[in-house]
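Asks: Per the numbering used here, numbering of the sequence shown is gapless, rising by one per residue and ending at 135.
Read the hints as simulated data drawn from the structure, not as lab findings.
Restraint-style ranges between C-beta atoms, simulated for each label pair: (1) A55 with G116: 18 to 26 Å; (2) D39 with K74: 30 to 38 Å; (3) K123 with L27: 28 to 36 Å; (4) G97 with K123: 33 to 41 Å; (5) Y48 with S68: 28 to 36 Å; (6) P44 with S67: 33 to 41 Å.
Ideal Cβ placement from N, Cα and C applies to all residues, glycine included.
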Amino acid sequence: MIRLAVGAGAWLAPRLTAKAFLLDMDANPQAPYLGRLFGARDVALGYGTMTSSGPALRKWLTAGLACDVADTLAAVAGGRDGSLTRLQTVLLLAPAITGVGMGLVALKGQGGGSAAGAGV
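Please build the complete structure, drawing on both the sequences and the hints.
Replies: The structure is reproduced here in structure tokens:
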């Protein structure tokens, strides 16, 4: 539900969502487009996870985990290359790392054990 809500918010109101992370959408007129790409991805992942079960659910959870790991690495990269401030990096890392943790817990609940066992 969280992923679905965040994705819908990012798609419907990309500027407002970006402001929550202190991102400057006004400096780049194409940024709302990028926000909507992120939003669509999270809506699809959320919907797929909520409407599947068994092996299909495991695949959706694994895909979500992969995206959350990529989001975590993107925040770290942005912090390291200076495109994100320290505060922005922390604000973006928090939900990404939380998503990784929740994904691992969900996969373990599916009998996955570890990320390696999940095929990630």
